[in-house]
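Visitor: Protein sequence lines, in the order shown, are assigned to chains Y and R. The first sequence begins at 1048 in my numbering and counts up one residue at a time. The second sequence begins at 41 in my numbering and counts up one residue at a time.
Among the hints, erroneous ones may be present.
[Claimed, not checked] DSS-like, lysine-lysine: derived pairs with alpha carbons at most 30 Å apart:
#1 Lys347(R) - Lys326(R)
#2 Lys1264(Y) - Lys1196(Y)
#3 Lys348(R) - Lys374(R)
#4 Lys1172(Y) - Lys57(R)
#5 Lys1173(Y) - Lys57(R)
#6 Lys441(R) - Lys348(R)
#7 Lys1172(Y) - Lys202(R)
#8 Lys480(R) - Lys202(R)
#9 Lys480(R) - Lys1173(Y)
#10 Lys480(R) - Lys1196(Y)
#11 Lys1173(Y) - Lys202(R)
#12 Lys1171(Y) - Lys57(R)
#13 Lys1172(Y) - Lys56(R)
#14 Lys56(R) - Lys1171(Y)
#15 Lys426(R) - Lys326(R)
#16 Lys1223(Y) - Lys1269(Y)
#17 Lys1172(Y) - Lys1222(Y)
#18 Lys332(R) - Lys1158(Y)
#19 Lys56(R) - Lys1173(Y)
If you are wondering where the hints come from, they were derived from the structure by calculation, not from laboratory data. In this text, all values refer to a predicted model and were calculated from it rather than measured experimentally.
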Amino acid sequence: MITLRGLNINCEDRFWDSLGFEVADSEIYFLLSRADWGSDLLFRVLSGTDSSATGAILYDGRPARDWGKAPPAVFIDRVADVADFETEARLGDWIDFLCAGLGLDRVNLFKTLLVCNFHERYLKKKVRDLPRDVFHQVYLAACLAPEHKNIVINDFIRGAEKGFELKFNKLLLQKKALGRAILYLGSDIFYASEIADRVGFIKNGRLLFEADAADLKEMDIKDLYLKFLN
Amino acid sequence: MLAFLRFEWRRIFCVKKNLISLGFIFLFSTYFVLSGVDEYRQFLSEKKIFLRYEREKVSHVVNYSQYGGFGFRILFEAPALNLFFINSNILQDVESNIDTFEMIEVESSFKGNKLFLKRGYFKDFAGMPLIFGSLFMLYLGHVALISSAYLRFIAVNTSLLKYYVMTTISRFFWMDLFFIALSVGFFYLVGFWGIFFSRQEQSNYFFCLLFQILFLNFFYLLGQLITVLLRFRKIFFFWFFIVWFVCVFLLPEINRLSVFNQSQALESAEKVNLEKFRTLMALEKKFRDYLKENQSVPLDQIQKMQKKFAVQYINSTYLVNTSLESRYLRTVEKVIADHERQAILFPTTFYQFMTGEMSGKGYYGYLDFMDYIMQVRNRFIQFYLKKRYEENNAKVESFVKGDENVFHSHSRLPRTYWIGALVTLLYGIILFILTFRPLKRQVFQP
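Throw the hints in and build the complete structure from the sequences for me.
Guide: Structure, rendered in structure tokens:
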């Protein structure tokens, strides 16, 4: 369970004001915000890499700092470019390193890859030579390798091909079925209505409106978009 | 740690361009070691001819007056270790003539194949780490941390500091191992050509290797820092080349120019020669005046006077001239000491200074050579005067009984070696710390 209470973030001239909501176990909560910086900033605060926030962030009822060295959730950030991960090593070697060096669970990692129909021939290729979607699969598998009850995702699916999006959705639903609390930060209202259980609309740094996905389908999405995201 | 070591091994040694670069370094090192061995062996065979020539020359000298005029040459013999530093030296293939004239000259021959021998630059085994090693380490430092996006991904699962430290240590381990294996391998390999090193040379070589490792690690850390300061931008290669050029070529050149400017304050060597010449001429004038005044004096009386003047020469003029030469040498030594102190300030300048001294043909090798020349000259003058005035017409006996006409130079570490090594280590630590601060900022607050 992920809980945000009275979260204020003030970073340079950008801010989030009194943000508060709760993501229950076995729920996908989609926080819709038009501005990229907004979801990036919130993602950094949630993952603990930015400490400019005040208010409470609780993971399973415990503040993030109480989790010690273990991360309080799985954090999946948006991937900009395959070239950013050019390790000059083969993918197989990189995965070996992630498992042996960083302690990622190899079984979990390969389970995720299997769900994505990953082909083992890619293990011999270098990361820079991987097709974009395959790289996304590996990245996702590495992020999801640690077993965790909470998952925070920052607009991961943006720009991905439909095929990968479907695989990703399948994975999210699997995780949801396993009782994970999933918070998705994004800007795509159509994707939100497709995947989420609940959607929160952010405008000018404030959470203005929350709706169940079931209700969302009955609403005029175009109207919502113009009202909250334009 | 093992996982990091394994991963970095693959990142370094399983990448084609790295292998090409390392192969290139290996091939060039092999070539320079072979050419060093070849030059050393050529020197030994030329030394034999030199010694034979000097022996035969004496046998053709008619009397001691002639012997004093011709004198004999002293050959500068560098230690065997010089084969690794054949182009890092300050002195060329030099020799000096010991005779009764006042001038002490250190000469280099450009006759025959020596005309085509172009010393300097980096064309020896020690030049490989300086030029290609530093460039390669700078590059490895550049690619080590990959990108801020990658580090952000890593930082979710492990501490950034741990990753930074472990990656750096692993890369140091493999690259240092490569350069150590290369240097140690060649050091023992030359034994196959019958070249062996003394204990002192061995220990000097390993201390030199230690500094080389510190020096290369410095470049690795510099590469990391530049990449982070330029926020992993692709424009990097331009800066990368500029920094390398400044470190490897510009700073040593500035250091060299600085020592040259300092040396301008030295009195001209010609002026010293002139001063010595005048002192000698003053004595000769006295003798000529004596001859003019006493034209009717019998020959044996003149010879007695000549001997008296010779004793006077040894006791006054010669001592004055020797002290002039010694004083001049000590002022040169001061300039060298200043140069050594300046060289400590930066790893490349100190590396160049150190390799010069390691070759045995560095600045201190020169000072030793000059001291040796003056010692031998002193003994020769006494030998000459004794023989000249006591048995001038007897068969000329050579002054050189053993190998006095060969100066055996020693390979040495600079006296400031430990200071130089500590300064380089300090630079490394500073670079390591300086890199981490902006890196953390970039990863956590993009």
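Visitor: Run the distance test for Lys480(R) versus Lys202(R): straight-line Cα separation, threshold 30 Å.
Guide: holds (12 Å)
Visitor: Going straight from one Cα to the other, do Lys348(R) and Lys374(R) come out at no more than 30 Å?
Guide: With Cα atoms ~38 Å apart, Lys348(R) and Lys374(R) exceed 30 Å; violated.
Visitor: Check whether the Cα positions of Lys1264(Y) and Lys1196(Y) lie no farther apart than 30 Å.
Guide: holds (28 Å)
Visitor: Is the Cα-Cα distance between Lys441(R) and Lys348(R) 30 Å or less?
Guide: holds (28 Å)
Visitor: For the pair supplied as a hint, Lys480(R) and Lys1173(Y), is the alpha-carbon distance within the 30 Å limit?
Guide: At roughly 27 Å apart (the allowed maximum being 30 Å), Lys1173(Y) and Lys480(R) satisfy the hint.
Visitor: Next pair to validate is Lys347(R) with Lys326(R); report whether the Cα-Cα distance is within 30 Å.
Guide: Roughly 14 Å separates the two Cα atoms, so the pair holds.
Visitor: Hinted pair, alpha-carbon criterion (30 Å max): Lys426(R), Lys326(R). Please report holds or violated.
Guide: Holds, at about 21 Å.
Visitor: Does Lys1196(Y) sit within 30 Å of Lys480(R), going by the straight-line distance between their CA atoms?
Guide: At roughly 28 Å apart (the allowed maximum being 30 Å), Lys1196(Y) and Lys480(R) satisfy the hint.
Visitor: Are Lys1172(Y) and Lys202(R) close enough, with their CA atoms no more than 30 Å apart?
Guide: Distance ~27 Å between Lys1172(Y) and Lys202(R) Cα, so the pair holds.
Visitor: Is Lys56(R) within 30 Å of Lys1171(Y), Cα to Cα?
Guide: With a Cα-Cα distance of about 15 Å, the restraint between Lys56(R) and Lys1171(Y) holds, given a limit of 30 Å.
Visitor: If you draw a straight line from the CA of Lys1173(Y) to the CA of Lys57(R), is it 30 Å or shorter?
Guide: Roughly 14 Å separates the two Cα atoms, so the pair holds.
Visitor: CA of Lys1172(Y) to CA of Lys1222(Y), is that 30 Å or under?
Guide: holds (29 Å)
When the structure is compared with the earlier hints, violations turn up for hints 3, 18 and for no others.
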